[in-house]
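Q: So the sequences go chain by chain: A and B.
Every letter in the first sequence is one number past the one before it in full-length UniProt numbering, and letter 365, counting from 1, is 365.
Every letter in the second sequence is one number past the one before it in full-length UniProt numbering, and letter 57, counting from 1, is 57.
It is possible that part of the hints are untrue.
With a straight-line Cα cutoff of 30 Å, these simulated DSSO-like cross-link-like pairs (lysine-lysine) come out [said to hold, decoys possible]:
hint	chain 1	residue 1	chain 2	residue 2
1	B	Lys68	B	Lys15
2	B	Lys68	A	Lys159
3	A	Lys159	B	Lys15
These stretches of chain B come out as covered by chain A in the derived footprint (C-beta under 8 Å, 3 or more residues) [as the list claims (entries may be wrong)]:
hint	region
4	31-39
5	50-57
6	69-81
Hints in this document: simulated from the structure, not taken from any laboratory.
Note that the structure is a prediction, hence the values are computed from the model and not measured.
Glycine included, every Cβ here is placed at the ideal spot set by N, Cα and C.
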Amino acid sequence: MNTPAHRRSVITGIGVVAPNGTGAGAFWKQTQEGVSVLDRVSREGCENLPLRVAGEVRDFDPVTFIEERFLVQTDRFTHYAMAAADLALDDARLGRADYEGAPFKVGVVTAAGSGGGEFGQRELQRLWGEGSRFVGPYQSIAWFYAASTGQISIRGGFKGPCAVVASDEAGGLDALMHAARSIRRGTDAVVVGAAEAPLAPYSVVCQLGYEDLSLCDEPTRAYRPFTADACGFVPAEGGAMLVVEEETTARDRGARVRAELAGHAATFTGAARWEESRAGLARAIEGALREADCAPEEIDVVFADAMGVPSADRAEALAIADALGPHGRRVPVTAPKTGTGRAYCGAPVLDTAAAVLAMEHGLIPPTPNVFEVCHDLDVVTGRARPAELRTALVLSRGLMGSNAALVLRRPTDPPV
Amino acid sequence: MNAQLTYEELAALMKNGAGLTVDPTEMASRPGSAFDEYGLDSLGLLGIVAALENRYGRPLPVDADRCKTPGEFLELVNNTPVTGV
Numbered sequence: 001m002n003t004p005a006h007r008r009s010v011i012t013g014i015g016v017v018a019p020n021g022t023g024a025g026a027f028w029k030q031t032q033e034g035v036s037v038l039d040r041v042s043r044e045g046c047e048n049l050p051l052r053v054a055g056e057v058r059d060f061d062p063v064t065f066i067e068e069r070f071l072v073q074t075d076r077f078t079h080y081a082m083a084a085a086d087l088a089l090d091d092a093r094l095g096r097a098d099y100e101g102a103p104f105k106v107g108v109v110t111a112a113g114s115g116g117g118e119f120g121q122r123e124l125q126r127l128w129g130e131g132s133r134f135v136g137p138y139q140s141i142a143w144f145y146a147a148s149t150g151q152i153s154i155r156g157g158f159k160g161p162c163a164v165v166a167s168d169e170a171g172g173l174d175a176l177m178h179a180a181r182s183i184r185r186g187t188d189a190v191v192v193g194a195a196e197a198p199l200a201p202y203s204v205v206c207q208l209g210y211e212d213l214s215l216c217d218e219p220t221r222a223y224r225p226f227t228a229d230a231c232g233f234v235p236a237e238g239g240a241m242l243v244v245e246e247e248t249t250a251r252d253r254g255a256r257v258r259a260e261l262a263g264h265a266a267t268f269t270g271a272a273r274w275e276e277s278r279a280g281l282a283r284a285i286e287g288a289l290r291e292a293d294c295a296p297e298e299i300d301v302v303f304a305d306a307m308g309v310p311s312a313d314r315a316e317a318l319a320i321a322d323a324l325g326p327h328g329r330r331v332p333v334t335a336p337k338t339g340t341g342r343a344y345c346g347a348p349v350l351d352t353a354a355a356v357l358a359m360e361h362g363l364i365p366p367t368p369n370v371f372e373v374c375h376d377l378d379v380v381t382g383r384a385r386p387a388e389l390r391t392a393l394v395l396s397r398g399l400m401g402s403n404a405a406l407v408l409r410r411p412t413d414p415p416v
Numbered sequence: 001m002n003a004q005l006t007y008e009e010l011a012a013l014m015k016n017g018a019g020l021t022v023d024p025t026e027m028a029s030r031p032g033s034a035f036d037e038y039g040l041d042s043l044g045l046l047g048i049v050a051a052l053e054n055r056y057g058r059p060l061p062v063d064a065d066r067c068k069t070p071g072e073f074l075e076l077v078n079n080t081p082v083t084g085v
């Protein structure tokens, strides 16, 4: 019998809907090649706004994944999440037959930053253009940031613990640890992650208020964290969903164990206080290492938050040094999100997916568009770097002040 | 009132409002089958009621959004006398 302390959480499936590809295979190919897909904003209604460059999901046809009723009743951010959940379940080979007899053993957790802005804008335009009687009733659920969790749960028949984490961008990592807690308490599997769709006119206008948003109009120069040219971050849409399972249950059903969620911690240091995020992020890293029972020297790669704001980049570089000591200057650091943009809560889940794939391939993906690093960090630039990777550290911060760290470990073979 | 709601129109409303593809002939042949069976939830029915109220320019009976079957819904919508406004 597994006691709670022995119920370890492992990743068994990865589903990605990202600007650089749909599906973990396409995503990894572009990521490890360091391809940047940042481009001029082309979404209808956004073409003439001050935000010039973003990471748009273009290679995705929702009709191939989702039934029409869900397309009509939900926002784009939920389309991404539902498709990513399907891909993750397929990847994990976790089908209805596996849980039909025990639907309460499977839960759903998503993180969300903004909810269904595109759907909401359309209905609000009806409200002011035609009157309240013309607002469709699905507005009541489609805009809501809990929508993706609910729809994934309904569609898949998952009746286990369901939750939505609203803790800023770092909530993507917090959601993973929320899933691990559910598993410790007896849930066998959780479909967990985040996907966002912030590229619609209303949503873009909201983001224009962020002083850290990059308004640069050159795709190769708009998002260059850790360089002297850092001029803010580029937003993106999409994200990733994972299947996280209790290790023994996963092995018993013959699932491929991809990585262990070994440790996590989160802190809060206040909105737009990047200098203070140094202490907060360092504290989160230390907490994650402690939970994972992991020494700083064991970290083989860091997937950085990489905000792209000079003071934030400095704070992150110092936090890594504070928490990892001398190893912080030696450990390879990467930020593949410079090639896709930051998909808010989806960003750290995409980084988690990339970290798992990096460990499996023994290859650290590079940081596109970044060349001259001006901090005391070994940032992987140019091309992917081969390395034996057993343990990865994923970092995330949000514009509103949340900081989180996650330690991932490659699986060890089960005792014979 | 002279406009009578047909199964064809109801099917079109289910398509537009809730993204459901329903065969009107099938619905007509089994008027007592539940909206549930076609995937129409309470929000979907609420949207259909609002669309019809906008079309007719008058409110439907208060029970309209509580109907459980297409037959019950058409009966209620088509047999409610227009009252003076």
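Q: Each hint: holds or not?
A: Going down the list of hints, with the structure as the test:
no. : hint                  : result
1   : B:Lys68 with B:Lys15  : 18 Å, holds
2   : B:Lys68 with A:Lys159 : 25 Å, holds
3   : A:Lys159 with B:Lys15 : 28 Å, holds
4   : 31-39                 : violated (count 1)
5   : 50-57                 : holds (count 3)
6   : 69-81                 : violated (count 0)
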